[in-house]
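Trainee: Protein chains in written order, with my numbering: chain A, 1 to 493; chain B, 1 to 96.
Treat the hints with caution; some may be incorrect.
To be verified - Sample of chain A residues with no beta-carbon within 10 Å of chain B, all distances over it, derived:
hint, residue
1, Gly112
2, Gly121
3, Ile245
4, Arg247
5, Leu302
6, Ala352
7, Ser398
8, Ala446
9, Ser481
What the hints assert, rightly or not - 27 Å max Cα-Cα, derived DSSO-like pairs, lysine-lysine:
hint, chain 1, residue 1, chain 2, residue 2
10, B, Lys17, A, Lys228
11, A, Lys89, B, Lys43
12, B, Lys17, A, Lys449
13, B, Lys17, A, Lys222
14, A, Lys211, A, Lys264
15, B, Lys91, A, Lys299
Claimed, not checked - Some chain A residues near chain B, calculated using beta-carbon distances under 7 Å:
hint, residue
16, Pro43
17, Ser48
18, Ile288
19, Ser291
20, Ile295
Think of the hints as simulated: they come from the structure by calculation, not from any bench. Keep in mind the model is a prediction, meaning the values are calculated, not measured. Note that CB positions come from ideal geometry on N, CA and C, so glycine has one too.
Residue-level listing of the chains:
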Amino acid sequence: MAKVPQNIRDQYTVTIGIECHVQLKTRTKLFSGISNDARDADPNTLISHICMGLPGALPVVNAHAIELASRAAFALKSVPAPFSTFDRKHYFYPDLPMGYQITQFYDPIVIGGEVHTLVEGEPHTVRITRAHLEADAGKSSHPAGAPYSLVDLNRAGTPLLEIVSEPDIHSPAEARAYAHELYLLMKYADVSDADLFHGNMRFDVNVSVSKSSELGTRTETKNLNSFKSVEKAAEYEINRQISLIERGDKIDQETRGWDEASQKTTSQRGKEQAHDYRYMPDPDLPPIELSDDFIAHVKDTLPTMPDEWREHLSRLSLDTSQIDVLLEAEVDNSAVAYLSILQDNLDDTAYAKQLANWFVNIEIPYRKDEAKNPQILNPQRPTLYAVVYKMVKANKLSSTAAKNLIQLLLDLENLPNDLESFAESKGLVQVSNTDELEVIVDTVIAENKQAVEDIQNGEMKALGFLVGQMMKLSHGKANPSIAQELLKKKILS
Amino acid sequence: MAHLTREDILRLASLAKINLDDDEIASMQTDLDSVLEYVEQLKDVDTSELEPTNQVTGLKNVMRNDEIIDYGMSQEALLANVPEVENNQIKTKRVL
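Using the sequences and the accompanying hints, generate a full structural model.
Mentor: Shown next, in the form of structure tokens:
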């Protein structure tokens, strides 16, 4: 589809709201003591009379799901509702054995909240309408050419938290930032594995455009499973809807799907009907009442949230992109604890800043490189960095040598007892010893008469050339600033 | 009270995924109308002082720990009453 020209697009207000299903990190399902890890399980091996909705089966709430949802409430800058209930949402689909989904319609466990994002350096707030617990449906598949579908109920009953935002998002970039921040929040609150590849977070994006102050007709693009597809699908819908309106057509309120291959949204109207879910309180499930003590306990044990980390680290005045890299890397591998090492060293700002740079520029990319296999984890890493820093401060390591040394050390099983002699044995320690350097200075001066003359005539850029020669002769080990000092002294005095 | 129309019945039938013939539609219309009329009497009760009833059991916080439970039911037993199974998956009319 042709892109709508910017001057036309600028006439429209874009309004986006996002619903996100987060799979909670429990061992068992929401209403039955059946394993929740369906990733590698054979079809219908993780089922029970409850998952299948057999007559007489009684669902019983998983207490841990309540705790995780309560934690999510604080992550969303809300509080868990002291009173919540479960309701039945009725619709027929083969992957929904009971003919209804158990969800929280009337009294959800989270009401209100906020998510803060940064989009191109600008702070945005997206309000949260509500978040409620619900049981996932099963999985249906449709063998090619066969006149039937197949249903696997392993996933039926998996605990989900559906987080519903207010329509406070106004561009694809904001939509992506919101989705990404939700991911960090769920990860840091330890509510979900938030493994997008395995569908642990799925986004439904509601988009409308309007030329007036009234909202336009919205479409809902369902089941997006990456930040990029959230952004692309929103972009596609905005473009599609404006094109239709400009042509004088109407927008259908409908559900759409995202086709990754063609990067398009497509109508799923075929299976849509007018919704009438006939919600009713589920008589099998008594209400959940949370005590003040429980709520206080959840609050007190909430891990440090991304916002708080940003606040803690603000005194290092790092770029927001650097902080994002750190926050993200910590998620990928909590055994390396970048943030808490920084936290422990905040009092020495210069060191903490250097550490952050080393993490962002050396260790994080190194660990991401699949060809490498770094071994060193905590608690050895703080020692590693402290020693390297000391050597840099003492002019024993150039910044390149520091990088090489860090990478070498990360690959070891255990740190050597004497890091300095290890660095020396690898030829990384730079020569700052004046006597040793003077020998090289003399050689360089003898071999580069022209450059020496230039310097004597005031052409100081020749000095850089001579320093380069010293680095070459010393195999990169000469301390460049001391080398420069010595050269200057010899040539100009 | 407004009476149920033929369209109302057709809509309910489609939500309940049942097929009704013309005779059934007509009789449903009368039957459901009288049910509604009967239930209508509840409107006369003053409920302004009452809390909404979520439950009649008086129970709350019925929960279990997040632990695997052996319900003693084999996959074979659980799938025994499924009309048709293929590779342990439940066969249904094609959707999508």
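Trainee: Taking the hints in turn, state whether each one holds.
Mentor: Okay, the hints, checked on the actual structure:
1. Gly112: Given that every Cβ of chain B is farther than 10 Å from that of A/Gly112, nearest at about 21 Å, it holds.
2. Gly121: Check passes; 41 Å lies beyond 10 Å.
3. Ile245: Check passes; 30 Å lies beyond 10 Å.
4. Arg247: The claim holds: A/Arg247 sits with its nearest Cβ about 30 Å from chain B, beyond 10 Å.
5. Leu302: holds (19 Å)
6. Ala352: holds (39 Å)
7. Ser398: Non-interface label on A/Ser398 holds, nearest chain B Cβ at 53 Å vs cutoff 10 Å.
8. Ala446: holds (78 Å)
9. Ser481: holds (60 Å)
10. B/Lys17 x A/Lys228: Status violated; Cα separation ~38 Å.
11. A/Lys89 x B/Lys43: The hint holds at about 25 Å.
12. B/Lys17 x A/Lys449: violated (97 Å)
13. B/Lys17 x A/Lys222: The given pair, whose Cα atoms are some 24 Å apart, holds under the 27 Å limit.
14. A/Lys211 x A/Lys264: Holds - the C-alpha atoms of A/Lys264 and A/Lys211 are around 24 Å apart, at most 27 Å.
15. B/Lys91 x A/Lys299: Violated. B/Lys91 to A/Lys299 sits at ~46 Å, over the 27 Å cutoff.
16. Pro43: Given a least distance of 5 Å, the restraint on A/Pro43 holds.
17. Ser48: holds (5 Å)
18. Ile288: With a minimum Cβ separation of about 6 Å from chain B (threshold 7 Å), the hint on A/Ile288 holds.
19. Ser291: violated (9 Å)
20. Ile295: violated (14 Å)
The structure fails hints 10, 12, 15, 19, 20 (numbered hints given earlier, in ascending order).
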